[in-house]
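Engineer: This is what each chain is made of:
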Amino acid sequence: MPPSAPPIVDALRACVGERQVSTTPPDRVAYARDLWPRSQLDRLAGEAPQRPAAVVWPADAAQVAEVVALCRQHRVPIVPFGAGSGVCGGTLPIHGGVVLDLKRLKAVRQLRPADGIVEVEAGCVGERLERWLNRQGLSLGHFPSSILCSTVGGWVATRSAGQCSSRYGKIEDMVVDLEVVGGDGVVRRTPRADAGGVDWNAIYVGSEGTLGVITAATLRVQRLPTAQAFRGWRVPNIEAGVEIMRRAMQAGLRPSVLRLYDPLDTLMVGSDGDRKAAKGPLHSLKQGLLGKGGSGRGLRWALGHPRLSNGAVRLIPPGCLLLAVSEGSAAEARATDDAIAAIARGVQAEDLGEGPARAWLAHRYAVSFKQSRIYAAGAFVDTFEVATTWGEVRGLYDAVKAAVGRHVLVMAHFSHAYPGGCSIYFTFAGAGPTPQVMRARYDAAWQAGLDTAVTRGAAIAHHHGVGLSRGRHMGAAHGEAQRWFGALKATLDPDGILNPGKVFSEAPP
Amino acid sequence: MSWRLVHDPALGECHRAPSGARCVAPLDGVALAETLVGVAGRLRSRVGQPVADETEPGEIWIDLTAFSGVGPVDPVGQIVRAGGGATWGAIEARLQVDGLTLGPVPGWLWDQPVAHTLDGGRRARPSPACGELLDLVMAIQAVLPGGGLTRSAVSPRRATGPDLARGVVGAEGRAGVVLGVHVQAWPLAGQVGYRATRFGGWAEALAAGQAVLRAGARPQWWRFAPAPTGEVVLTARFGDLAGLDHCLARYDEAAGGRPDDPGAAEALDAACYGPGAIRRVAPTPRWVGAPSAAVGQAEATADAEVWDLRPEGVTVCGAGAPPAAQASGWEALAAAAFAALEPAR
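Going down the list, the protein sequences come from chains A and B.
Under the working numbering, think of the first position of the first sequence as 785, with each following residue one higher.
Under the working numbering, think of the first position of the second sequence as 959, with each following residue one higher.
Watch out, some of these pointers could steer you wrong.
Residues from chain B shown here face chain A by an in silico Cβ test under 10 Å; the list is partial [to be verified]:
| id | residue |
| --- | --- |
| 1 | G996 |
| 2 | A998 |
| 3 | R1000 |
| 4 | A1087 |
| 5 | L1107 |
| 6 | T1108 |
| 7 | S1113 |
| 8 | G1215 |
| 9 | P1241 |
| 10 | A1248 |
| 11 | P1269 |
| 12 | W1288 |
Simulated coverage check for chain A against chain B, where a stretch passes if three residues somewhere in it have a Cβ under 8 Å from a Cβ of chain B [said to hold, decoys possible]:
| id | region |
| --- | --- |
| 13 | 947-961 |
| 14 | 1112-1120 |
A short list of chain A residues far from chain B (calculated; beta carbon distances all over 10 Å) [claimed, not checked]:
| id | residue |
| --- | --- |
| 15 | P821 |
| 16 | E850 |
| 17 | G868 |
| 18 | A898 |
| 19 | E911 |
| 20 | D983 |
| 21 | I1244 |
Quick caveat, the hints were computed from the structure, so don't treat them as lab data.
Ideal Cβ placement from N, Cα and C applies to all residues, glycine included.
Input sequences plus hints: build the corresponding full structure.
Structural biologist: As structure tokens, this is what we get:
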């Protein structure tokens, strides 16, 4: 849609109000990107992203429905938008059209403590909801690192996970029902997740705005835990740490956090071990990556030679940091902590006390803000997370690290433990002489990582979603199941106006 | 109703009932795909020959006897592969060889094929400790009506778009036929413990159940049912892997009520679960809804039973009519989506 297309803009203004529609360049630039790092590389390479023709701020589900109906009438794409914290390009308006910012839909509609549920509108920022629930003695139990800058609707749309998913589950485990606006402009409420029949919640959760605009969600809530127990462990190696996680979860324990850092990530986190290893080139690398000094030139050199850097990482002692947080009633928190301790001692883990886990808790939402320092130094950094079964964890870690390590420096941590397996969260950083070379290395790293995950039968995403960064791998990951998606898309969004090109999608060239 | 062997141009040799329903028993995935591409009709996944009087004209019964295998078991991940025709009982028996279990398997589910359970999509085996049976299914492989084979990573959780692996769940066969699944298992508990507790009424009993959940004491199964005295009796089995004594102590502290003879729970366990269990089914219809409304539903029903109590939902067996969850246009949308999956013929 050209920016000057007045019929729909006028109609949108008539629908939601003059001030709730913007076609100004600053707004269109601001809504042309989310936190997908590749967008930054595009910008460095001199490429401007596709801008939306207009940004619209509806006030309620009825206005969302009217906007969708208008866009359908004019065949204009719509991109639902929460807080823009996605890291996969899921909200980029690659076909232009209208960005539908849902942040005015921010009300907590009802809380029913006796039923263990809260109904909240999609645009409510996560931290605000959690703080509000805490005042009622409740918690959602959902703590993504983006909680300060992400919305309930975004969580549901991307199948988000919080840091305590081992105990409370992912967002799909919390959804009781949803209010959605279909591509036909009709507001509907899904049947309860436990109603039997087709599970419409499972269809909308993770659909990333392609099947409907989520305008509200009824979510399961918990009473606030009355006790927490923190423990850090120094484990001999990755295998030992993974073994503790596996045994704990398969024993039916429900810790809120089990988080194991590989040797390089342990160094970056700064456990009580490895002070000696943190000298020399690795020390410089750490300082550079964390922005506490070090030369940008040295950092770029190290990241521009990933084989050497990854080789140097092998000099780090194999010890790893494992964090455990247990919570619930005092008796349950203590029992869980004791049971994990018994397992950990069985693999010669060293008890580091409460400090490391408490330190993590204090800084757990700060991770994303370090990335800008890397870009300021002329390099790039990104993350991707996969998930697999316990028997495959070590093999997948090694294979992805080897494949991605040809292009970038790579490290990982293991988290989001379940009885069946866990997530591996890879962080990679690289550099190149030109923005174009950097982008090519960035793409090569992603391609190598996801290719490896697909080949080994792992899930190619655990909680970041698909967006554009994983679109090209979705066919390989799902086989003919993508026909189910096609059938749903044709039914729920008959004119294909909802976030076109996403999920099973067009990926970057 | 009797079945006779006929030659059907689309199905080859198959069994046909007088009603017009047909039954075909493909030997492998290719044959199954060819069947689905070649014919139109509502699919029903079963094992063995169709049961008389349970068919409708035009239906195709897919006899999944050839897909009844169980194994191998991944002992590290505690995951087992099973064919869509495998019964829950066969899976449980295979797991127990390796010291694993699905958790308590009700007698009525013991002989039910996995594909049949997934087709229905209803909560089959609620268990606070071991999870709803359908939630243990980590991956589903299915043949679509157009013959295509779906793929699904065997993974505890994922964020790869909508949960397409569950496309067949609750679809009553309209979205495809389940070829196989990967199922999460638990270690067999070394010890089990039983509890029986009496409460003055439904409100007190269900509130106590919620308190037990909040205390982190999760039974493998539990049942709330009225006693002739007018009280409500909670019977439960525990098999906490991380410490049975801790778990029972938390239960005792949180539940309150009046302790009763735990032998009643043990007897119920023997009667309702496992291979030798009676095929007892809790009364129907089943009301599913919010906890705050469950008390009224249970009180209004003489023979109400609750086997499924969660913080956000309760199933009251025998109470009222099921809510008309599909009445708001969802059934029509589902029908349209399934129709879009049908191959052009």
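Engineer: Taking each numbered hint in turn, which are not upheld by the structure, reported in ascending numerical order?
Structural biologist: Numbers 1, 2, 3, 8, 9, 18, 20, 21, in rising order.
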